[in-house]
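S.K.: Listed below, chain by chain, are the residues.
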Amino acid sequence: MEKTKSVKKSVKSSRINIGDFIYEKLTLIFAVIVFAMIILMGYEMYINSKLSIDKFGWDFITETTWDPVEEIYGALPSIYGTLVSSFLALMIAVPLSLAVAVYLAESAPGWLEKPLSFMVELLAGVPSIVYGLWGIFVLVPWLREEVEPFLNEHFGYLPFFDGPMYGFGMLAAAIILSIMVLPIITSISRDIMKSVPSVQKEAALALGATKWEAIKIVLKNSKSGILGAVMLGLGRAIGETMAVTMVIGNRPIISESLFDPGYTMASIIANEFTEATTELYLSALIELALILFVITIIINIAARLLVWSLEKQWKQN
Amino acid sequence: METELKKYKRRLKYRKAVNLAVNSLTFLAALIAILPLFLIFYYTVSKGIGRLNLEFFVEMPKPVGEPGGGMANAIVGTLILVGIGGAIGLPVGIMSGIYLAEFGKNKFGQLLRFLTDVLSGIPSIVVGVVAYTLVVIPMKQFSALAGGVALAILMIPTITRTTEEMIKLVPHSYREAGLGLGIPKWKTSLFIILRTAWKGIATGVLLGLSRAAGETAPLLFTALGNRFWSTNVFEPIASLTVYIYDYARAPFEDWNAQAWTAALVLIILISLLSLTFKIITRSKYKTN
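From first to last, the protein sequence lines stand for chains X and V. Taking full-length UniProt numbering, the leading residue of the first sequence gets 1, the next gets one more, and so forth. Taking full-length UniProt numbering, the leading residue of the second sequence gets 1, the next gets one more, and so forth.
Rather than coming from a laboratory, the hints here were simulated on the basis of the structure. Ideal Cβ placement from N, Cα and C applies to all residues, glycine included. Hints may contain errors.
Below are the DSSO-like pairs computed for lysine-lysine, each with C-alpha atoms no more than 30 Å apart in a straight line [to be verified]:
| hint | chain 1 | residue 1 | chain 2 | residue 2 |
| --- | --- | --- | --- | --- |
| 1 | V | 13 | X | 315 |
| 2 | X | 216 | V | 105 |
| 3 | V | 140 | X | 194 |
| 4 | X | 25 | V | 187 |
Cβ-to-Cβ under 8 Å is the rule here; a few derived chain V residues that face chain X [said to hold, decoys possible]:
| hint | residue |
| --- | --- |
| 5 | 14 |
| 6 | 19 |
| 7 | 36 |
| 8 | 56 |
| 9 | 90 |
| 10 | 91 |
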């Protein structure tokens, strides 16, 4: 046993071409750069936010005041704004994107599927600054003059739809975000539904199931992958900066009303980074970036694992 | 017996109705989903086309109050920024893509592939902050170089993954033919496989570059922006996207209108690039 192993080894090594060796190691170095980059990013932000981390500790996350004049920095309003705007966006985008994904993967006729998929992908390619521009000049006035008065009139008894109507605010941010995450959730869940082995579906159809009943089986089989797609959408929504900054109103307050302005972690950084005059101010902003980095990395890892493990499982079958 | 059949028929009718309802609802959802695309295109074109003329491309921005003027410095600035990003991001992206495709069939390759995907999920504003700490703080100055570094980090995952996919699309027989002739693996890879896949890789690179051209957040405090003409990579530099941001928030109608034109130019650039990407990759699939 030992002998055959060593013989095999020597045969293998004698065959390795020096050019091949260099080629592999050279490309390897570049591949490892990606890995090094993630570590370096975390390290850089940790070092540069040390001042704020030492001064505020964990209170940074629970403190509700963000006041550069008094030098008190608390992340809670922006964490709140980030989470609320992202979850609202998912509430709008998830049902819609799943319906679109089902249509594209299962029911759309061939001649319609390609252009529709292409348009959904185009939506993903529109730069976020253009969404923001459209948000400021089209969406916000529409919300202020039509949607918010309507919601206030009919649902004003709910605290979410009460208060002054600026247009700029949490609602505008959520709507813009929902448009931006829709293509991601749609295209990933469509791919997952398409890659579900069709045996069960065909069996169901052969037994006389309607198309929808067969689709339900596909949906059941792709549950964890769809969850992964939704989480990838969440990751995108949490990190989205420009479009949100332009429509959310940028005020570090926690308010029940969706009409009120808010702030997200990303938009604070975008808005105040160049104005940060003191070292502590800058360091607090970098700590916000670090929190954002950690959250999005965790979400991305979990989401990718869900999608990957499912696809792997099908490939093995 | 009779009632049993009736029941069954009613049940079937119900099931078919549900099927039809779901089908129409999902179709409706698809229409709603692409509605924003048309709205955004409609507004960008209708509000931006008025100023889309030669002046916009060759003249400098005018001070507030003076009508006209263009964004020549911003257009050149965007090109320089994307160029720096490409110069750093291209070699890293392509080489790591080659590694993943040629040597990445093990656990380690799997891990690297995974990390590349994770890297693509990191928000662009965070990448901007890192470029600030890496380049702006040591150099004590905002610069085009810092913006380019941020864009490079953002485009690497796209380039890596498309390079890998395109290499994998090359039929196995090509590789076998090369190896069968006794050509070493690295020569086969570089001169046969890459040569076959280069069109696809080039378009993947274009896709990465065009996405980088649309980025704003990582440039806000790296390249900063500049009202004047500058091609010095160690100085702050203007870019189309940061101009859109500043002009959109400015309280001058004239500036707002120019923001729309800049957005139109940006959208045309990006859609053209992704369209070519689509067409070229599609024809690739067909020949295989």
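S.K.: Is residue 25(X) within 30 Å of residue 187(V), Cα to Cα?
M.R.: 15 Å, holds
S.K.: Please check whether residue 19(V) passes as an interface residue: C-beta within 8 Å of a C-beta belonging to chain X.
M.R.: 4 Å, holds
S.K.: If you take the shortest Cβ to Cβ gap from residue 91(V) to chain X, is it below 8 Å?
M.R.: 7 Å, holds
S.K.: Given residue 36(V) as an interface hint, is the shortest Cβ-Cβ distance to chain X below 8 Å?
M.R.: Holds - the Cβ of residue 36(V) comes within 8 Å of chain X, reaching about 5 Å at its closest.
S.K.: Measuring from the C-beta of residue 90(V) to each C-beta in chain X, is the shortest one below 8 Å?
M.R.: 11 Å, violated
S.K.: CA of residue 216(X) to CA of residue 105(V), is that 30 Å or under?
M.R.: 35 Å, violated
S.K.: With 8 Å as the cut and Cβ atoms as the points, is residue 56(V) at the interface with chain X?
M.R.: With a closest approach of 16 Å, the residue 56(V) hint is violated.
S.K.: Between residue 13(V) and residue 315(X), does the CA-CA distance stay at or below 30 Å?
M.R.: 38 Å, violated
S.K.: Between residue 140(V) and residue 194(X), is the straight-line Cα distance small enough, at 30 Å or below?
M.R.: The hint is violated at about 52 Å.
S.K.: Let me know if the C-beta of residue 14(V) comes in closer than 8 Å to any C-beta of chain X, holds or violated.
M.R.: 10 Å, violated
Taken one by one, the earlier hints fail for this structure at numbers 1, 2, 3, 5, 8 and 9, listed in ascending order.
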